[in-house]
Each structure stands twice: as C-alpha cells, then as structure tokens.
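> Sequence:
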Amino acid sequence: MSTARLLWAYLGARPLTTLLTVLLVALGVATTTIVTLVTNQAEERLVRDAAGIDLVVGAKGSPLQLVLAGVYHLDVPPGNVPLAALADLRGNRLVAQAIPLSLGDSFRGFRIVGTEPAFLDLHGARLALGERFVAPMQAVIGARVAAETGLAPGSRFVGSHGLAPGGPEHGDDPFTVVGVLAPTGGVIDRLVLTPLESVWLTHEGEPADEDERRMLEADREITLALVRYASPIAAATLPRAINASDRLQAASPAFESARLFRLAGVGLDGLRAFGVLLLATAALSVFVALFQALSDRRRELALMRLLGASPTRLFALLLGEGLVLTAIGIVFGTAIGHAAVEAAGRLLAGHGEWTLTGADFDTIELVYAAGALVLGGLAAAVPAWLAARTPLAGALADE
Numbered sequence: 381m382s383t384a385r386l387l388w389a390y391l392g393a394r395p396l397t398t399l400l401t402v403l404l405v406a407l408g409v410a411t412t413t414i415v416t417l418v419t420n421q422a423e424e425r426l427v428r429d430a431a432g433i434d435l436v437v438g439a440k441g442s443p444l445q446l447v448l449a450g451v452y453h454l455d456v457p458p459g460n461v462p463l464a465a466l467a468d469l470r471g472n473r474l475v476a477q478a479i480p481l482s483l484g485d486s487f488r489g490f491r492i493v494g495t496e497p498a499f500l501d502l503h504g505a506r507l508a509l510g511e512r513f514v515a516p517m518q519a520v521i522g523a524r525v526a527a528e529t530g531l532a533p534g535s536r537f538v539g540s541h542g543l544a545p546g547g548p549e550h551g552d553d554p555f556t557v558v559g560v561l562a563p564t565g566g567v568i569d570r571l572v573l574t575p576l577e578s579v580w581l582t583h584e585g586e587p588a589d590e591d592e593r594r595m596l597e598a599d600r601e602i603t604l605a606l607v608r609y610a611s612p613i614a615a616a617t618l619p620r621a622i623n624a625s626d627r628l629q630a631a632s633p634a635f636e637s638a639r640l641f642r643l644a645g646v647g648l649d650g651l652r653a654f655g656v657l658l659l660a661t662a663a664l665s666v667f668v669a670l671f672q673a674l675s676d677r678r679r680e681l682a683l684m685r686l687l688g689a690s691p692t693r694l695f696a697l698l699l700g701e702g703l704v705l706t707a708i709g710i711v712f713g714t715a716i717g718h719a720a721v722e723a724a725g726r727l728l729a730g731h732g733e734w735t736l737t738g739a740d741f742d743t744i745e746l747v748y749a750a751g752a753l754v755l756g757g758l759a760a761a762v763p764a765w766l767a768a769r770t771p772l773a774g775a776l777a778d779e
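Per this note's numbering, residue 381 is the first one in the sequence shown, and the count goes up by one each step.
These are calculated hints, taken from the structure and not from any lab test.
Any given hint could turn out to be false.
Computed beta-carbon distance windows for the label pairs [claimed, not checked]:
| no. | residue 1 | residue 2 | range |
| --- | --- | --- | --- |
| 1 | Thr-737 | Ala-616 | 34 to 42 Å |
| 2 | Ala-532 | Arg-642 | 29 to 37 Å |
| 3 | Ala-498 | Arg-642 | 41 to 49 Å |
| 4 | Gly-565 | Asn-472 | 27 to 35 Å |
For each residue, glycine too, the CB sits at the ideal point set by N, CA and C.
Can you build the whole structure from these sequences, using the hints too?
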C-alpha cells in the first residue's frame with residue numbers, strides 16, 4: 381500500500397482525534413484571519429475618509445471627538461464656532477482650503493450636513509442622479525441614504541433635531557432632494573448634504589424685519605471646518621496657533637486616527653494572541669495524537685520495516701499525518717475567517733456604520749498559514765523520528 385493511502389487510512393481510523401485537531405487548527409487560523417481582515421479594512425476606511433483633510437478646526441473639547449464628528453461622523457461635535465472663524469482661516473496664508481460643516485440635524489438617523497460643493501469634491505463624489513445643490517433647502521443624498529429611505533430627485537422630507545432618530549421635526553422647513561450620489565464606499569454614502577444656509581434657515585426661522593435679519597446673520601455659527609494645508613510648514617505652526625485661541629481647537633485626523641487604533645490595538649492584539657495560542661494548542665494536540673498513534677502502531681511499524689519499508693518512509697508517514705491535519709485545519713480556518721467577516725459585513729450593512737467584506741485577502745494570511753504548517757510539522761517531527769527508529773525485535777517481542 382502506498383504511503384498516501386496508509387496516511388489517509390490512519391487518519392480515518394481515529395476520527396474523533398482527527399476532528400478535534402483539525403478544529404483547533406481551524407479556530408486558530410480563523411481568529412487570526414478575522415483580526416487581520418477587520419483591522420486592515422478599518423484602517424483603510426479611516427485613511428480613505430480622511431484623505432485630503434490635514435486638520436479639523438472646531439470648538440474646544442476632545443480632539444478625538446472633533447475628528448470622529450467632523451471626519452467620520454461617528455460622534456457628536458463638541459460645540460459650534462463663530463462663522464467669522466471660517467473667514468479667518470481662509471485668510472490665513474498657511475491654509476489652502478477650509479470647508480465648513482454645520483451639524484446638528486438628521487433624517488431617519490442619517491446626518492444632515494450643511495456645507496459647500498467643495499465637500500463633494502473632497503470625497504471624490506459623483507452624481508448618479510440629478511444635480512448638485514445650488515440653493516437653500518436643496519439636498520444631495522448619499523447612496524446608502526437613497527437605498528434605505530427611498531428618496532430620489534424631487535422627493536421632499538423634513539429633518540429632525542439631533543443626530544439620533546426620534547428628535548423633534550422641523551416640519552415647516554422641508555428639504556427637496558435634487559441629487560443622489562453614486563456609491564463610494566466611504567462616509568459620504570450615509571450623509572445628507574445641503575448648503576449652510578439651509579441649516580441656518582431651519583434653526584433661525586423667518587426674521588421679522590431687516591434689523592433682525594442682520595442680527596441673525598451676525599450670530600451665525602458653523603460646527604467645524606476641514607482644512608487643507610498650503611505648505612508643509614503649516615503642520616508645525618498652524619495647529620499650535622489655533623489651539624492657543626480661547627474658543628478654537630485644531631485636531632489632526634492622522635494623529636487622532638492613529639491614537640484610536642492604539643487604543644483599540646490592545647483588544648486586537650489580545651485576539652491575535654488568542655489565535656496564536658490556539659495554534660500552539662493545536663500543535664500540542666498533533667504531537668499527543670501522533671505520539672499515542674506511535675505507541676499503538678509499534679507492531680505495525682515493525683512489520684513494515686520487516687517487509688522492506690525504509691526508516692525514511694516511516695518518518696514520512698508520521699510527518700505527513702501531522703502536516704495533513706494542519707493543512708486541513710488551515711484551509712477550513714481560512715474559509716471560516718473569511719465567511720465570518722462577510723457575514724458580519726452583511727449584518728453591518730443594515731445596522732451599522734462600517735462596511736466589511738470577506739472577499740479581501742492579505743498576504744500576511746500566507747505568513748500565518750506557513751507558521752501554522754511549520755508548527756504542525758515540528759509537532760509531528762518527534763513522533764516521526766521515533767517511528768523511523770522503531771526496533772524490529774523489541775516491537776515484535778512486546779506483542
């Protein structure tokens with residue numbers, strides 16, 4: 381009988397042990413695969429959404445909160461700043477571009493963002509239907525907003541106060557959808573975009589006379605501004621100058637995103653370490669299983685030697701068992717990891733802010749697979765070496 385057929389016969393003779401060993405390897409590989417895919421896609425998403433934004437300028441408070449609110453739209457902003465601050469930023473020679481955002485209202489949980497057309501260009505958005513907004517109370521909606529609400533060009537809707545569903549509605553100030561954006565896979569997919577004037581009109585109401593109009597205009601505010609530097613030197617001087625003011629703070633998306641990942645990295649590293657521990661446990665299981673198999677097969681191995689099997693063939697037989705067990709576990713673990721991320725992505729598509737896909741593949745997965753295979757081979761090497769040195773007389777006499 382060939383070595384391959386013997387190998388499969390031995391694996392089939394111990395189904396429970398084989399299954400448990402494969403399961404341990406699969407769980408270890410699946411864990412490291414899930415952590416790798418989620419981490420890579422989250423980092424890619426954070427970098428993509430912050431592309432072109434060097435600085436976020438807003439009210440004093442937490443810089444991380446400011447970035448989460450202004451760039452990723454995952455938090456409430458610390459407060460508002462005077463509209464005059466925008467003019468000051470645009471007049472600064474270190475600032476190439478400053479895009480204002482006004483936050484505070486939403487529609488069915490999707491944030492209504494008062495801004496300028498430059499915000500669309502910043503995110504590389506293009507229209508799938510309709511046109512850009514050009515007048516107050518016109519709205520351009522992201523692809524996900526359109527898909528989940530059924531809004532289309534010509535639709536009218538009213539926003540509600542606050543960034544969560546269920547707030548009081550601004551029933552006297554309806555918006556009209558004039559455009560729908562093509563999907564980007566970024567944060568803009570879940571935003572409702574409108575001119576700054578729309579936000580002001582919604583909250584100010586209709587002024588009684590010209591004096592009240594001028595008063596309202598003088599008190600107008602924005603939530604924050606997204607800034608692009610005019611030169612590299614701005615990175616060293618502009619944030620410090622802004623943070624020295626009484627009402628404003630400057631936060632770097634790159635720095636705050638890195639800090640966020642450092643905070644989350646503890647948990648991710650723990651999961652990754654757990655996966656490695658499972659792989660080490662699986663390797664121990666391979667060693668124990670093959671060592672026990674060696675004890676059970678001493679007479680068979682001795683007979684094989686007597687019939688002409690070389691020590692090399694016996695070594696290959698036991699080593700092959702360990703490698704096959706590990707390889708099967710790697711295949712199943714990789715499949716489980718990708719399937720789990722894909723399932724999570726589909727769940728989040730309807731209930732969360734982030735998108736995940738199991739279709740991505742990272743070359744580090746090959747490193748994990750190779751590491752698992754090496755562990756399995758090392759675990760099998762000692763029983764295989766002992767099998768190759770099986771003494772004929774002693775093994776047959778024991779029986």
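> Each hint should be assessed against the structure and marked as holding or not.
The hints, checked one at a time:
1. Checked against the given bound of 34 to 42 Å, the beta carbons of Thr-737 and Ala-616, roughly 38 Å apart, stay inside it.
2. In this structure the hint that Ala-532 and Arg-642 lie 29 to 37 Å apart at CB is violated, the actual value being about 43 Å.
3. Range check, Ala-498 to Arg-642: about 32 Å between beta-carbon atoms, so the 41 to 49 Å window is missed.
4. Taking 27 to 35 Å as the suggested C-beta distance range, the pair Gly-565 and Asn-472 conforms, at roughly 33 Å.
Hints 2 and 3, counting from the list given before, are not met by this structure.
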